[in-house]
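Peer 1: Protein chains in written order, with our numbering: chain A, 386 to 592; chain S, 386 to 592.
To be clear, the hints were calculated from the coordinates, so they are not data collected in a lab.
Quick reminder that beta carbons are idealized off the backbone N, C-alpha and C, glycines included.
Check the hints yourself; a few may be wrong.
Facing chain S, according to a computed beta carbon distance under 10 angstroms, are these residues of chain A, among others [unchecked claim]:
hint: 1; residue: Asn456
hint: 2; residue: Arg476
hint: 3; residue: Gln478
hint: 4; residue: His480
hint: 5; residue: Gln481
hint: 6; residue: Asp565
Derived pair list, reagent style DSS-like, types lysine-lysine, alpha-carbon separation capped at 27 angstroms [unchecked claim]:
hint: 7; chain 1: A; residue 1: Lys510; chain 2: S; residue 2: Lys508
hint: 8; chain 1: A; residue 1: Lys510; chain 2: S; residue 2: Lys510
hint: 9; chain 1: S; residue 1: Lys467; chain 2: A; residue 2: Lys522
There are 2 protein chains.
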Amino acid sequence: MANEYTLYSMQESGNCYKPRLLLHLLGLPLRLIETDPRDGATKRPEFRAINPNGRVPLLVLADGRLLSESNAILLYLAEGTKYLPADRYERAQVHQWLFFEQYEHEPQIAVARSYLHTYPDRKAKVTPELIAGWQQKGGRALSVIESRLAGHDWLVGSGYTVADIALYAYTHVAHEGGYDLAQYPGIGRWLARIAATPRHVPLEWRP
Amino acid sequence: MANEYTLYSMQESGNCYKPRLLLHLLGLPLRLIETDPRDGATKRPEFRAINPNGRVPLLVLADGRLLSESNAILLYLAEGTKYLPADRYERAQVHQWLFFEQYEHEPQIAVARSYLHTYPDRKAKVTPELIAGWQQKGGRALSVIESRLAGHDWLVGSGYTVADIALYAYTHVAHEGGYDLAQYPGIGRWLARIAATPRHVPLEWRP
Chain A
386 MANEYTLYSM
396 QESGNCYKPR
406 LLLHLLGLPL
416 RLIETDPRDG
426 ATKRPEFRAI
436 NPNGRVPLLV
446 LADGRLLSES
456 NAILLYLAEG
466 TKYLPADRYE
476 RAQVHQWLFF
486 EQYEHEPQIA
496 VARSYLHTYP
506 DRKAKVTPEL
516 IAGWQQKGGR
526 ALSVIESRLA
536 GHDWLVGSGY
546 TVADIALYAY
556 THVAHEGGYD
566 LAQYPGIGRW
576 LARIAATPRH
586 VPLEWRP
Chain S
386 MANEYTLYSM
396 QESGNCYKPR
406 LLLHLLGLPL
416 RLIETDPRDG
426 ATKRPEFRAI
436 NPNGRVPLLV
446 LADGRLLSES
456 NAILLYLAEG
466 TKYLPADRYE
476 RAQVHQWLFF
486 EQYEHEPQIA
496 VARSYLHTYP
506 DRKAKVTPEL
516 IAGWQQKGGR
526 ALSVIESRLA
536 GHDWLVGSGY
546 TVADIALYAY
556 THVAHEGGYD
566 LAQYPGIGRW
576 LARIAATPRH
586 VPLEWRP
């Protein structure tokens, strides 16, 4: 199909779930190429040749051009849709949350989940100091999200945007990294709100 | 002045340098409010009330609305200017580099500089293992940049964009974090190219 997107993806990854979810919400066809970082697939020269940074997700457009970085992929796909506000300031607030997600949230919450849940063989490397750091810094990031969601339904404006998708990806599985989401009632209501949207698909879903 | 921007800033910070440089390139007037994280200014309730994440830079628009995250501020200010491509795919590539900068580059290179140069009182906390991690991961990020700049003048397309500003901010002072930039000739030529652009101002510059 001419308009089909191809995504190099890893099923367990929240970063890869972001474009899978958005493409499904938009009703856009997707071809998935599953990669397994555990066997070094993304570190091999043939993958490095198309993404020097050696990471997934990697989106291949219908004309073969490539795009990496999960949040850059979200912004690309959302352009001109209701998932990216047309208002300049609201769009800037979406960007603000996307950078917050990659700097303050993912490096703590996704990494904690990775060590404690996704790759059990890594558990031997986990020290009490590592867990305390993840808890403290990841908990701080969750508090920043809660400060918005305590009084609002969505992270930006009055509707569901790619800011919500980006922060949903690892927040909804934060318990797998040892976080207690019961402390954040606004986040709890927001997670349920997202899961109830039409065409929502869970992380486990494949096209 | 009605169109004046106010920036909560910290002079030594590369993240705060990004909007200072772009505002000067654009000829936009700027009022600077210098903050000193060492005295806890950004952690106090009055600052947390305007930025729950407690970080600078923080941009105040003429109408009082706020925007945080250095790269979100760059995208906001660059909209409609030559520093942000009009082409959808080139804009996506700018976003890709901005997320790369905050995830792969800043947490290694800016943090190494912070411990080894900006705050000498932190040097006692620096272990050989920390330095080795910064060198390995930050060096990897520099190699990814070099893979682009070995054959191109700019990170995206054929002109100077906010992707270049974002990655210039901490790359041009990477030696202060112990990195040897002589290993990256494409980066070296690019740093000189940026420093030679009209209206360029150095990190030390204040409006």
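Peer 1: Determine for every hint whether it applies to the structure shown.
Peer 2: Structure-based check of all given hints:
1. For the restraint placing asparagine 456(A) at the interface with chain S, the shortest Cβ-Cβ distance is roughly 5 angstroms, inside the 10 angstroms limit, so the hint holds.
2. Checking arginine 476(A) against chain S: minimum C-beta separation of about 8 angstroms stays under 10 angstroms; hint holds.
3. Given the 10 angstroms rule on beta carbons, the hint for glutamine 478(A) holds: about 7 angstroms separates it from the nearest Cβ of chain S.
4. Contact between histidine 480(A) and chain S, as hinted, is supported at the beta carbon level, the nearest pair being about 4 angstroms apart and thus within 10 angstroms.
5. For glutamine 481(A), the interface hint holds, since its Cβ comes within 10 angstroms of a Cβ in chain S; the closest pair sits about 4 angstroms apart.
6. Violation of the interface hint for aspartate 565(A) is found here, the shortest Cβ-Cβ separation to chain S being roughly 20 angstroms, above the 10 angstroms cut-off.
7. At roughly 26 angstroms between alpha-carbon atoms, lysine 510(A) and lysine 508(S) fall within 27 angstroms of each other, so this suggested pair holds.
8. Between lysine 510(A) and lysine 510(S), the direct Cα distance comes to roughly 21 angstroms. Compliance with the 27 angstroms bound is thereby established for this hinted pair.
9. Annotation: proposed proximity of lysine 467(S) to lysine 522(A) is violated, straight-line Cα distance about 37 angstroms (limit 27 angstroms).
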